[in-house]
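Enquirer: Sequence:
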Amino acid sequence: MAFFSRKHAYSPLPTNNGQPRLRNHRWLAVMFAGFAAFFGTLWIGHRLLFPEPPFSPLNNFQYLNPPPLVHIPSTRPSTSSEKRAIVSTLYSDSYVIGVAVLGHSIRKSNVTARLLLPYLDGRISDEALCVVRTAGWEPIVVPFIPPPHNGKGIYYRFHDQYTKLNIWGLDKMGVEQAIYLDADTLVRRNFDELFDIPFNFAAVPDIYGDRRGFTVNFNAGVLVFRPSTEVLNVMKEKIETATFPLDQAEQSFLNLFFAANVLRLPYAYNANLALKKSSPALWAGMKDEIRIVHYTLTKPFVDEHRGDTPRLLGEEEQRRLIDRAAEQRDGLFAEEVGWWREAYNQMMADERGKMEACRGGERIAK
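Each residue of the sequence shown is one higher than the one before, counting from 1 in UniProt numbering.
Take the hints with a grain of salt, since some may be wrong.
Unchecked claim - Here are the in silico distance ranges between beta carbons for each label pair: (1) F35 x R189: 56 to 62 Å; (2) L42 x T243: 35 to 41 Å; (3) L42 x D196: 54 to 60 Å; (4) K108 x T215: 29 to 35 Å.
If you're looking for bench data, these hints aren't it; they were derived computationally from the structure. Ideal Cβ positions, reconstructed from N, Cα and C, are used throughout, including at glycine.
Hey, can you work out the whole structure from these sequences and the hints?
Expert: Okay, structure coming up:
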């Protein structure tokens, strides 16, 4: 009995280790729940403040549709080339080389139309007018259309842009169908098919580098339109009273004016460099179909560090600007700047003598 009692006397006392473990587990559970709630709240807040944009087939482009962009029938009715016009505008000498290269690229693409260049009298030098005539343009003096609200709230460089609306008055010159091209565009392929569309107004949707991304608003750098002095008069009447954002000048007004009546064209007709930046896959998929490229984010003919220079640049200085443009944004647009360089080189090879004559004081016959 003693042995039995001693054995039990020296037996280890029972312990309760489960209670601390239970408390530890509960503490960990509370901690993890707190973390989950915290990060869940952050995630929900982020989604509310920065909602994920809906699926866009453009932002998520996949090359699925390889057929040609345009079907050209063997016979089609068309207007006379004298009643067609490619139109650009010129407000200072700093864009003269851009306009000249554009004109040369239009001629090389065999577009069947007159090349008309509205400009403001007294703003463009005789030398510059000589250069654009050499490139094939027919300069036309147009009146200045002032910006609405006396220019208040409008960036000073955009004050001239409303003068662009004068292109609707070209019906007085016998033009029935016209295509407007910004001076910072370049023609890569023929686009005569645009003259045969039955609509009064067409343009390409715009693309923004911010969260707006692709939009139904159109970019005014390429416009297909039927000139009408009647429409021009309505525009000039409405521009002062219409309500629209002023930061994009005439583009905002035109988006308002044609809001419900615009035919939206494929991006190949206004291949904005912003599109390549936003969707490289989309750009790669459409590159071979590009008719008109638009140098929005870099301009090979303008010194963007110094701004617009009210003079014609020499050939050596112009080539330095092209090299600099190719290096911008870590060379993102080097290939596209190369297209412009090639067009510039072709123009100089074809027209160097006449261009030098313009600079030397001789003038191309009007």
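Enquirer: Work down the list of hints and note, for each, if the structure agrees.
Expert: Status of each hint after checking the structure:
no. : hint                    : verdict
1   : F35 x R189: 56 to 62 Å  : 58 Å, holds
2   : L42 x T243: 35 to 41 Å  : 39 Å, holds
3   : L42 x D196: 54 to 60 Å  : 56 Å, holds
4   : K108 x T215: 29 to 35 Å : 32 Å, holds
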